[in-house]
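Trainee: Sequence:
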Amino acid sequence: MNKDSDLTGLRCRDLAIGLTPHSNPSIESMRATPVVVSNGAQHDISTLKLLQIVHRHGDRAPAVWTKKDPFKDIKYWPAGFGELTAQGKYRMYTLGQFYRREYSSYLGESYSPHEVYVRSSSVHRCIESAMSLMAGAYPPKGNWTWNRDNKSALGVEWQPIPIETFIPKSQDTVLEGYTKCKAAEDDLNRVYNQSVIHEFEAKYKQLYEELTKITGSEIKDVYTAVDFYDTFQIEFDNNHFWPDIGQGDKAKQILSQLHDHEVLGYRYDWDSPILKRMRAGGLIQLLNENFKLAQNNTNPYKLYVYSTHGENIGAIMAALNLYNGNSPPFGTTLLFELHKSSDYFVRIYLQNSTRFDYTPTSQDLHPIPITDCNNQYVCPLTQYMESTKHLLYDNFEKDCTVNTNDSSAPLTHTIALTVALNALSSDQYVSGYVDKKRLILVTIGRLITTLNVIRFGFGLFTSSPRLRFWFCDFSYLLGGRQIIITTVIL
Numbered sequence: 001m002n003k004d005s006d007l008t009g010l011r012c013r014d015l016a017i018g019l020t021p022h023s024n025p026s027i028e029s030m031r032a033t034p035v036v037v038s039n040g041a042q043h044d045i046s047t048l049k050l051l052q053i054v055h056r057h058g059d060r061a062p063a064v065w066t067k068k069d070p071f072k073d074i075k076y077w078p079a080g081f082g083e084l085t086a087q088g089k090y091r092m093y094t095l096g097q098f099y100r101r102e103y104s105s106y107l108g109e110s111y112s113p114h115e116v117y118v119r120s121s122s123v124h125r126c127i128e129s130a131m132s133l134m135a136g137a138y139p140p141k142g143n144w145t146w147n148r149d150n151k152s153a154l155g156v157e158w159q160p161i162p163i164e165t166f167i168p169k170s171q172d173t174v175l176e177g178y179t180k181c182k183a184a185e186d187d188l189n190r191v192y193n194q195s196v197i198h199e200f201e202a203k204y205k206q207l208y209e210e211l212t213k214i215t216g217s218e219i220k221d222v223y224t225a226v227d228f229y230d231t232f233q234i235e236f237d238n239n240h241f242w243p244d245i246g247q248g249d250k251a252k253q254i255l256s257q258l259h260d261h262e263v264l265g266y267r268y269d270w271d272s273p274i275l276k277r278m279r280a281g282g283l284i285q286l287l288n289e290n291f292k293l294a295q296n297n298t299n300p301y302k303l304y305v306y307s308t309h310g311e312n313i314g315a316i317m318a319a320l321n322l323y324n325g326n327s328p329p330f331g332t333t334l335l336f337e338l339h340k341s342s343d344y345f346v347r348i349y350l351q352n353s354t355r356f357d358y359t360p361t362s363q364d365l366h367p368i369p370i371t372d373c374n375n376q377y378v379c380p381l382t383q384y385m386e387s388t389k390h391l392l393y394d395n396f397e398k399d400c401t402v403n404t405n406d407s408s409a410p411l412t413h414t415i416a417l418t419v420a421l422n423a424l425s426s427d428q429y430v431s432g433y434v435d436k437k438r439l440i441l442v443t444i445g446r447l448i449t450t451l452n453v454i455r456f457g458f459g460l461f462t463s464s465p466r467l468r469f470w471f472c473d474f475s476y477l478l479g480g481r482q483i484i485i486t487t488v489i490l
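Those letters in the sequence shown? Residues 1 to 490, by UniProt numbering.
Do not take every clue at face value.
Straight line, CA to CA, 27 Å or less: simulated DSSO-like cross-link-like pairs of lysine-lysine [to be verified]:
#: 1; residue 1: LYS68; residue 2: LYS252
#: 2; residue 1: LYS49; residue 2: LYS182
#: 3; residue 1: LYS389; residue 2: LYS169
#: 4; residue 1: LYS213; residue 2: LYS182
Since the hints were made in silico from the structure, they are not lab data.
Construct the entire structure; sequences and hints are all you get.
Mentor: The following block contains the structure:
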């Protein structure tokens, strides 16, 4: 993806996801008042052993600005640029209340630090979202109230709940969607250099020219269009309308066209094995480890809450083959439930709403068919764990430097080396193929010329950490031509 843009500010392409409800073969509920979810099925928690919540932060102020933006002033965003707004706090608080109602019999009446663990991205809006959600989910009860001698009314309405934020943003490989990773960045650039992207951008050339003129900043591709859309949509939702665009048909048409860019962007942001693994693997591994602890009865926690960004939600959905490309609101939440009847099994729910100001209900809770479990809503834990193994990495820094499990990157070296060989020796034929560990080159030509060209061609690429060494498997003469089969170990 082209990142040369004069849009200023922090890039944050947050995502929320919408799904169409499906039928759910859930177990007969044992609760006195069964809760009915989006498709009319009962949400049974009688066998629930562990609940893990992964949520996007609430509504925020814009974080990316164009030069002529009329609302690029702190007076329009008193909480600060990119920070959680009052609407965002309200959304997350009511979401917490919803989870209190939905899981009350499982969570128990009172908060306990021995049963609840909350971790957040170090970004302010994520921390505040987690705080707001927990305030709604755990109002103080009994010994947890702190209104001593009626001197603090807040003590019966709210209690402090610790939020872990121990990893800097630049080092967080779990809750930050775009932590620096060369392998992922290179692969994303490859994805966005596909003809399908360029053809899409060509269709919107007129839109880019119009927006560039209006905004004073260059809008030229999917990346810059989505950045502008992010800000423009937030401003529109907060009744801040650009004079040159207004709030009528023109604004709605632009929003619709920019929304198409967002859908395309998130369709391709995780469109390869390396992108799925490096962008979602850390959080999936953490969720899986928590499942294992619960299965082995070594996990004291009943609830894990992870406060993160939209791109993390999108990456997980893409990695688990659950993502359908829609763009719903802030506060989107994935709920991973571990149950036990005769055996352990997993259920996944999506909670969202397209309403700007709403009180969440069970109708916003969507059971998700798990693709790697034959699109069933109930997946045996062992099968679920096995189906996610390929998404886990051993060492983030190492895998980001050397992409050892994805065959797409070596192909670049194959093409480049083949071009170099052909260019340097016109009387040779070069071919090759790639698997996960080896680059095989077949070269036909005069012996001394062939060897020199291979050495020179290989020397062009010795800076790559993927190329370890090469050797000739065998060579022989055929019709006066030297045939050399060379293996490059990756």
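Trainee: Confirm or reject each hint.
Mentor: Consistency of the hints with the structure:
For the suggested pair LYS68 and LYS252, the alpha carbons sit about 20 Å apart, so the restraint of at most 27 Å is met. Taken as a hint, the LYS49 and LYS182 pair is broken in the structure, with Cα atoms around 38 Å apart against an allowance of 27 Å. Between LYS389 and LYS169 the alpha-carbon distance is near 26 Å, which keeps this suggested pair within the 27 Å criterion. Distance check on the hinted pair: LYS213 and LYS182 sit about 34 Å apart at the alpha-carbon level, beyond 27 Å; violated.
Of the numbered hints stated above, those contradicted by the structure are hints 2 and 4, listed in ascending order.
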